[in-house]
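Hey, can you work out the whole structure from these sequences and the hints?
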Amino acid sequence: TESGGSGDSGSGDTGSGGAANENLLDPASYKSDKEQSEWTIGVVTKDNTAAWFKRMEVGVNEFGEEMNINVIQKGPANADAASQVQVIEDLIAQGVDALAVVPIDPGAIEASLQNALSQGIAVVTHEASNQKNTLFDIEAFTSEDFGASMMDSLAAAMGEEGKYAMMVGYTTSTTHMEYAEAQKARQEESYANMELINGGEVPSAESEESVDVAYEKAKELLKAYPDLKGFTGVASTDSPGIANAVEELGLSGKVSIVGVGTPNEFSDYIKAGTINELQLWDPAAAGYAMVSVAAKILAGEEVAEGTDLGIDGYESIQVIEGTNKMLVGNAPLKLDESNIDDYDF
Amino acid sequence: MKTALKTNEPAAPKTRLSFIKMDGNILRLLIIMLTIFIIASITKPSTFLSVANFLSMEKQMVEYGLMAIGVGIAMIAGGIDLSVVYIANLSAIVAGLFMQKFAVAVSGPEQIFFIVLGILLGVLTGIVCGLFNGFLIAKLRIPAMLATLGTMQLYMGIAIIVTGGSIVSGLPEPFALIGRTNVFGIFTMSFIVYIVIVAIVAYYIGKTKYGLKLYLLGTNEKASKFAGIKNNQIIIRAYMLSGVIAASAGLLSLARINSAKADFGSSFVMLTILIAVLGGINPDGGAGKILGIFLATITVQLMSSYLNMFPEISNFYRDMIWGIALILVLIVNHVLNKKSEAKLMRLTSQ
Amino acid sequence: MSENIISVKGIHKYFGGVHALKGVDLQIKKGEVHCLAGENGCGKSTIIKVISGVHKPDGGEIEVNGEKVDHMTPSESIKQGIQIIYQDFSVFPNLTVIENLAFNKVLASKKKFVNRKEFRRIAEEAIKKINFDVDLDALVETLPVADKQLIAISRALLDNAKLIIMDEPTTALTKKEVKRMFEIINKLKDEGVTILFVSHKLEEVFEICDTVTIFRNGENVISCPVSEMDEKKFSFHMTGRHFEEVTEGKKRDLGEMVLETKQLSARGFNDVSFTLRKGEILGITGQLGSGRTELSLALFGLLKPDEGEILIEGQKVNIPNPTKAQELGIALVPEDRLTEGLFLPQSIKRNIAITRLDELSNKLGVVNGDLLDDESAKWVRDIGVATKNDEFPVSTLSGGNQQKVLLARWIASNPKVLILNGPTVGVDIGAKYDIHNLLRNLASAGMGIIIESDDATEIVNTCDRVLVMQKGQITAEVKEEDLNVKTLANYV
Amino acid sequence: MNLLTAKSLKKLAVRPEFYVFIIILLLSLFIQAKSGLFFTNNNIVDLLRSMTVPLIYAICAYLGFISTGPDVSFPLIAALSGYLATQFVMVTGYSGSIIVVFLVAIACGLVMGAINGFIIAKYNFPSLIVTLGTTSIFSGILLGVFEAGRIKLPESMIEFGQQSLIKVTNAETGLGSSLPMTFLIAIGLYILTYLFLNFTMAGRGVFAVGGDETSAERAGFNVKKIRFGVFTVNGGLAAIAGVCYSVESTYFLPTEFAGMEMIVIAAVILGGTRLMGGVGTLTGCVLGTLLLTIVTNSLILVGVPIYWQKFIIGAIIIVGTAISVIQIAELKGFRRSKRKKVEVA
Ligand SMILES: Nc1ncnc2c1ncn2[C@@H]1O[C@H](COP(=O)(O)OP(=O)(O)OP(=O)(O)O)[C@@H](O)[C@H]1O
Ligand SMILES: Nc1ncnc2c1ncn2[C@@H]1O[C@H](COP(=O)(O)OP(=O)(O)OP(=O)(O)O)[C@@H](O)[C@H]1O
Ligand SMILES: [Mg+2]
Ligand SMILES: [Mg+2]
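Chains as they are written, first to last, in our numbering: chain A, 54 to 398; chain B, 10 to 359; chain C, 488 to 979; chain D, 183 to 527.
Note that these hints are calculated values from the structure, not bench results.
Note that beta-carbon positions come from the ideal geometry of N, C-alpha and C, so glycine has one too.
Please note: incorrect hints may appear among the correct ones.
Only part of the chain D face toward chain C is listed, based on derived beta-carbon distances under 10 Å [unchecked claim]:
hint: 1; residue: Ile-248
hint: 2; residue: Asn-380
hint: 3; residue: Asp-394
hint: 4; residue: Ala-398
hint: 5; residue: Ala-401
hint: 6; residue: Gly-459
hint: 7; residue: Val-461
With a straight-line Cα cutoff of 27 Å, these simulated DSSO-like cross-link-like pairs (lysine-lysine) come out [to be verified]:
hint: 8; chain 1: C; residue 1: Lys-811; chain 2: B; residue 2: Lys-239
hint: 9; chain 1: B; residue 1: Lys-352; chain 2: D; residue 2: Lys-304
hint: 10; chain 1: C; residue 1: Lys-674; chain 2: C; residue 2: Lys-566
hint: 11; chain 1: C; residue 1: Lys-676; chain 2: C; residue 2: Lys-663
hint: 12; chain 1: B; residue 1: Lys-348; chain 2: C; residue 2: Lys-875
hint: 13; chain 1: D; residue 1: Lys-193; chain 2: C; residue 2: Lys-604
hint: 14; chain 1: C; residue 1: Lys-674; chain 2: C; residue 2: Lys-662
hint: 15; chain 1: C; residue 1: Lys-496; chain 2: C; residue 2: Lys-649
hint: 16; chain 1: C; residue 1: Lys-649; chain 2: C; residue 2: Lys-566
hint: 17; chain 1: B; residue 1: Lys-347; chain 2: C; residue 2: Lys-875
hint: 18; chain 1: A; residue 1: Lys-87; chain 2: A; residue 2: Lys-127
hint: 19; chain 1: C; residue 1: Lys-791; chain 2: D; residue 2: Lys-193
Structure, rendered in structure tokens:
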């Protein structure tokens, strides 16, 4: 019997970037011989304590119970790509049947995921549109759509004119930067009277995933650019921090904010009108969809355009061929005063 | 110059006693390591005692294991190196960018040439970073903790500047092979490189006059100056060594995960200090062995992988376990060292 | 009331496996100056720390004023009127002179709050007692070592102390200061204060004490009035050996010039010119702050000269660092053995071999373990370091043996010029005798030696020629024929 | 020039605080010149606000250094006791005086600090390593056992955070800024610490113990008690900082505490506190904290490109210490080499 890991050493000529070879990426070859009840699907999150991923766990567990499949959701102790690699490696070593990963950094886990695939473990991802070593990447929508949608909301709030600023968690955060770039692209395309501050540099500030830093930076930005009219923040820490700053400076209503986060955390700000709109997707649904795809692969079922993943927003998925097979649902949530109370997480 | 004196003291009889002081620690580490191994093997035989698990553990421990050695060397010199993780990242980024630019497009021997050049460039980055740390600490006399705290930000800053914060990936396949090749099916290539580096460094620190001077300097900097040791040179070399080791960790990580990033492994900063101390390095300088760090690294990895086999145990408990282990090890070492000290005293006073 | 202010009986003290005190008895009568002598490591400091409550004894009892004290603590002993001048001064380098002087008294009074004025008053009172002139607001770490000792002394004199214990209080002091100190002791005695005076120095003991107690190896070997004691008996009880002062080998043939300085100046001294020949032992003595230490540092590459020249065997040299000094054949046994000389937790072997690493290792820098063992064993044997094993930490050795290790280290480097700063400070009679002998032998073999010392007897017994330094300059040169303790005292 | 002033000038010139002060002065002038916004009332108030929590932390770091060595556990003590206090309010629904909330936090902090103090005082272990260990433990308890997530604070706590000490409005830009009550707490703690350190024997004991442990013991100080006391008090101080941080940002933010220790320690050492024992002033702590706060909060004002920000902070730490270390060495005319404490037998 061939020991794990040695099978891939022959894949020498798949080109640069360590992209997996074609066979590895054929979902059909991951059909499991085991009983469904013996499957184990490992879900790896960025940070298991965050409200976001606790919500995801709801969806993941729901699927596990419905289908009587063993699901494990684990996250690293630190939101650091290296720690996440360790969690993935350990789950691989323990012989899970499928991995569903929300990468902290897609690039950093390519090799680990390739290793998983080469050992016959089905891999699906979420929030990783450019992940190479994955069978399917499940998205509530594309980064482009998401960024564009945020920009549309901001533009509407700002009356389509004026200066705005963008905040991300870290410049090293790939998804955040994608969303930020997409926002800028949409603005340049559609809103000529709007202007990204600082000569259009993306992003305008880093919140370091800290509400407090977001607050400090927002204040500084408002000082440095007195004519600033709008903010977007793609980390869940950003908008609350920005909103606190705007409130303190007495600019509520004069400065618009569109951000990403969870409804409960944003509810007060939305109701007070400090944050104009919250954009997100339901992590529970995304988690459900991820494990659902993983289970379909293990069962040998085909996942294609129009497949129903069994949860709201993913009833009829769209397949986009790009770096990988991206399964895009239609699950954006845009929450404002009118509907924020409909969601509780 | 024979200027012997007549004394009534008998000549010292020769017995080797060095084991009393240090090797007790090594022995203890071995026992802890084996205990964890046995417990894990008994409670989780199928998952723990699998080739896949061993390969996975080997891969994981290499990078922070190397960085812990860098930290350990700085600690032996009486300082600390908080910047290792970021030296590793910067080196990997420099090497990665270079290979991306020159080695991906070509093939054959030319490609190998550029890959080797890229590796050398990465190592050089480590040397320069280490040299700068050493310069700040030895020449400018900035306390090591503060100097490396500053350079930690500085090196990360440089890495962010050159990459714009994004990930460097897309490396030539032959290089990535280093990260994936297994020898005899049970050793990863990077683990073998790691073992070789550990062996060289352990020999260098343990057996050469440089190493001896390093320990003496770490014991008493002033006395070492008065003994004609070139303190500055020794300190600078210690941080350079730490830088080179960190760079090799960065390069191995580059090969393994096929990418490099400015803030990769930020959680390793504390872990490396913890491992160095668990391994018996005296944080005040002058004592401890590289072998101890190696054993501590394995111990931590065994424990870590074992814990990951319990899905119900959150990874955050690991922090707690490290903390408790660290303090327990300190206390146990303290009690046992006291005992062996007493033994030594008994031996010296007839 | 008892006639003894302190009476300890059958005190035992273990440090781990070390039986430092083996059932010691010691009675100190009220109003006497009691001397406690003994070789390094015989337990003098330990008994003091037991009396002061720093160490808890493992057996025996302590009576103060005839009353048994069950649990002695530092503050309790201070309250009982016991003041101690510790061997290591016990000062706070990071605090001002005022606080160093005032703490003990204020703490003993159990005051919880700081009264600046009171602190200053206490401090002024303290330094006045010995006419000690010092900037009260200076940080102690910026003061020379002698001032630190003077702080320790004035602190102890404060306040109606009934018993003052002085653990080798004169090590860092100049003759003048020692004399001043003895006047104070006599005055205190007149006031009815009891003194326990710990010292190695014969002349001091005979000059100041009423009663002598000698410890050897953790035991009290004799207690008697000083009148019943003479030098021979004294050294016999201390060491358990008989000695004869050797003067042979003092007449040596001097070879050619090995070291010369011309108008050398640096921070601490200026315009220093002198010569040293092969086979010569040159003494340098002088008061506190005379710049001796700085001169030796300059010769060893630890202090950059501002002006002037240094010549080795007629060749002008530049000595930027100790490594270069070593290459040029200059060795320095520093003033402060514990902080500048030894690597205390490291093995005796490593401490000795450090200057010879180049010879003991191959081209790649790998140390040859066997050569190292042999080298160390040879020096341990030749110099007579009393140890069972040279793998033991050097901290396990007594002061004298530690000093021998340092000597071995530098002799091993085979220097042309050996500079010793206070070669026998805190070293017992036996070891001192050994070391002087060794130095004479080295000179006979052609080494040029410079001894910097305060100890007039030492200088007279070992040196061929003596330079007297004052305020950074050489003020006198004493030739061998004029060399004796009395003349020397006139110059200093 | 009068001899006395010349002397006191030289005394001043060998103090690290002096150089930090000069650096701060130059830096503020530079920022003012570059942005025109530094010396505005709202910017000054903003800086003071940002300094509040770091200032309290700085006392912890400072007390650790002068008595024993580095204490790195204060951020997690702050986090854990802040969490427990918040939970106390949430669970009991307590809505009375904020003082009670602080007291609950302080009690928890004292217990955690006492653990540090006990281990350090009893065994004489290096404080860096011990506090590193307990940091790990507290972090495990907070995130593992309690699974603490981001919590919007209860109304009563937020209310306190919004009370302001000073409110200013920049006449030109119309931007307001308010200094929360927590700043008063920080000031109060500095005054208390100053009084304690300078006017009580126990306070002098902290310096004495740091200067020379053996001497302190012989002088009649209870070394173990003092060390234990310092670390215990540090726990209490950290707890206060924890609550302050939370009420300022209106959230309990479990993941935002860790990592603060390094920048605070850098500030304290920059301000002239010696790593090992007995030397340093509270003024130095304030100046060091001020310097780093100015740097981190003015990068955007000055227009430093976002990608250069980390680099600049690192450079300031290095250059700042280098200047004070070199200048002082030059002025004293010698370089003091590290002197190991040795027991003289
Ligand atoms: N704190 C300690 N721990 C272990 N051993 C100690 C300690 N203090 C003293 N000793 C040992 O106890 C013995 C007696 O030491 P002590 O300091 O009393 O000698 P001493 O007579 O004062 O010598 P010296 O003349 O060098 O001052 C020595 O062997 C010493 O090594
Ligand atoms: N660390 C220091 N910082 C500043 N000045 C110093 C320092 N050490 C010594 N000095 C100054 O240098 C001069 C020489 O001092 P030192 O006491 O070392 O002389 P010395 O020749 O060694 O005398 P002795 O050996 O008798 O003590 C004095 O003026 C002293 O104040
Ligand atoms: Mg003694
Ligand atoms: Mg001197």
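Interface hint outcome for Ala-401/D [beta carbon to chain C under 10 Å]: Hint holds; Ala-401/D Cβ to chain C Cβ min 5 Å, cut 10 Å.
Against the 27 Å threshold, does the CA-CA distance of Lys-87/A and Lys-127/A hold or violate the hint? holds (23 Å)
Taking only the CA atoms, is the gap from Lys-676/C to Lys-663/C under or equal to 27 Å? Roughly 20 Å separates the two Cα atoms, so the pair holds.
Tell me if Val-461/D is really an interface residue toward chain C, meaning its C-beta lies closer than 10 Å to one of theirs. It holds, given that the least Cβ distance between Val-461/D and chain C is near 5 Å, below 10 Å.
So if I understand the rule, the pair passes when the alpha-carbon distance is 27 Å or less; does Lys-649/C with Lys-566/C pass? Holds: Lys-649/C and Lys-566/C sit about 10 Å apart, inside 27 Å.
Pair hint outcome, Lys-193/D versus Lys-604/C [Cα-Cα no greater than 27 Å]: holds (22 Å)
Holds or violated: Ile-248/D as interface residue toward chain C, Cβ cutoff 10 Å? holds (8 Å)
27 Å limit on alpha-carbon distance, applied to hinted pair Lys-496/C and Lys-649/C: holds (20 Å)
Has the given pair, Lys-674/C with Lys-662/C, been kept, meaning a C-alpha gap of at most 27 Å? At roughly 18 Å apart (the allowed maximum being 27 Å), Lys-662/C and Lys-674/C satisfy the hint.
Compare the distance between the alpha carbons of Lys-811/C and Lys-239/B with 27 Å, and conclude whether the hinted pair is satisfied. The hint holds at about 10 Å.
With a cut-off of 27 Å on the C-alpha distance, tell me whether Lys-352/B and Lys-304/D pass. holds (22 Å)
Given the hinted pair Lys-791/C and Lys-193/D, is their Cα-Cα distance within 27 Å? Holds: Lys-791/C and Lys-193/D sit about 25 Å apart, inside 27 Å.
Violation of the numbered hints given earlier is absent; every hint is satisfied by the structure.
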